[in-house]
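Model the placement of chain F on the given structure of chain X, informed by the hints.
Protein sequence lines correspond, in order, to chains X and F. To convert, take the position in the first sequence, counting from 1, and add 375; that gives my numbering. To convert, take the position in the second sequence, counting from 1, and add 1; that gives my numbering.
Just so you know, the hints here were simulated from the structure itself, not pulled from any lab data. We put the CB at the ideal spot given by N, CA and C, even for glycine. Check each hint, because a few of them may be wrong.
Said to hold, decoys possible - Pair by pair, the computed Cβ-Cβ distance ranges are:
1. X/A427 x F/N62: 42 to 52 Å
2. X/G378 x F/T18: 44 to 54 Å
3. X/M416 x F/T78: 39 to 49 Å
4. X/R419 x F/T78: 25 to 35 Å
5. F/H11 x X/K389: 30 to 40 Å
6. F/H114 x X/S444: 41 to 51 Å
Claimed, not checked - Far from chain F, by Cβ distances over 10 Å, these chain X residues were calculated:
7. V379
8. S393
9. E405
10. T430
11. G433
12. V435
13. T446
14. R452
15. S459
16. Q460
17. Q481
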Amino acid sequence: NAGVTQTPKFQVLKTGQSMTLQCAQDMNHEYMSWYRQDPGMGLRLIHYSVGAGITDQGEVPNGYNVSRSTTEDFPLRLLSAAPSQTSVYFCASSYSGLAGYNYNEQFFGPGTRLTVL
Amino acid sequence: AQSVTQLDSHVSVSEGTPVLLRCNYSSSYSPSLFWYVQHPNKGLQLLLKYTSAATLVKGINGFEAEFKKSETSFHLTKPSAHMSDAAEYFCVVSDSGGSYIPTFGRGTSLIVHP
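Chain X with its partners taken away, still in its complex shape (with noise of 0.2 Å):
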């Protein structure tokens, strides 16, 4: 199993530019994430799914959006890129627990060190 992994690995963007950045895992987990990290910030939820086709916002959601149409991937997309966007991002993904809710450990992907100029 290739576990989580993420496209691209770094990316410099200018200012107002749009992108993808791609996650997919591959062990069929229903419940995935974006999180953002930024020094002494920890990580912050961005967007999560609870499974294909539903999707919801977390903590710092504005200026990203995602779709989530298969269970294996979960792309997140920065509509027009600005300067307090640059960090790093993880996707990660899980499997649920009783309910459909999250109770267990996540797996995170390498990230993505984004820098917007």
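Below, chain F without anything else, positioned relative to chain X:
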């Protein structure tokens, strides 16, 4: 609402000495608690988890943590630090009140001196 506080942003130890990374949590429900480790330029890896079974939890690489409900703590320990333990450590809490969406602490950087 759930929350988690890592009491130290940096911890510095010598190789071979004990490690203590402190984590306090707040939860109105029965929480699940996790410790993750992140080595430089890597993703996060699970060290150990507590999900209402034994209160003393053993993880990988000799780490363990004890769930203390009366103190709302979940401190991470290791008897003897190794140079390879130098990394960032995150304490995480999730419970049904937050729809099991995990909340991350801000992280503790462990520095190990030879």
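Do the hints match the structure? See the list:
The hinted range of 42 to 52 Å is not satisfied by X/A427 and F/N62, whose Cβ atoms lie roughly 35 Å apart. In this structure the supplied range 44 to 54 Å is violated for X/G378 paired with F/T18, their Cβ-Cβ distance being about 34 Å. In this structure the hint that X/M416 and F/T78 lie 39 to 49 Å apart at CB is violated, the actual value being about 25 Å. Hint check: X/R419 to F/T78, Cβ distance near 27 Å, so the stated range 25 to 35 Å holds.
As the Cβ distance of F/H11 to X/K389 is approximately 35 Å, the hint placing it in 30 to 40 Å holds. One distance hint, 41 to 51 Å for the beta-carbon pair F/H114 and X/S444, holds here, with the actual separation near 50 Å. Chain F draws X/V379 into its interface by the beta-carbon criterion, the shortest separation being 8 Å against a cut-off of 10 Å. Non-interface call for X/S393 relative to chain F: holds, since the shortest CB-CB distance, roughly 25 Å, exceeds 10 Å.
The Cβ of X/E405 lies farther than 10 Å from every Cβ of chain F, with a closest approach of about 12 Å, so its non-interface assignment holds. At the 10 Å boundary, the C-beta of X/T430 stays outside the reach of chain F, the nearest C-beta of that chain being 13 Å off. Not every C-beta of chain F lies more than 10 Å from that of X/G433, the closest at about 7 Å, which undercuts listing it as non-interface. Distance to chain F confirms X/V435 as a non-interface residue, since its nearest Cβ pair spans about 12 Å, more than 10 Å.
Listed as outside the interface, X/T446 is consistent with that label: its C-beta sits roughly 19 Å from the nearest C-beta of chain F, beyond the 10 Å cut-off. No beta-carbon of chain F is positioned within 10 Å of the beta-carbon of X/R452; the least distance is around 21 Å. Under the 10 Å C-beta cut-off, the non-interface status given to X/S459 relative to chain F holds; the minimum distance is some 19 Å. Listed as outside the interface, X/Q460 is consistent with that label: its C-beta sits roughly 19 Å from the nearest C-beta of chain F, beyond the 10 Å cut-off.
The Cβ of X/Q481 does not lie farther than 10 Å from every Cβ of chain F; its closest approach is about 7 Å, which violates its non-interface assignment.
In this structure, the hints that do not hold are numbers 1, 2, 3, 7, 11 and 17, in rising order.
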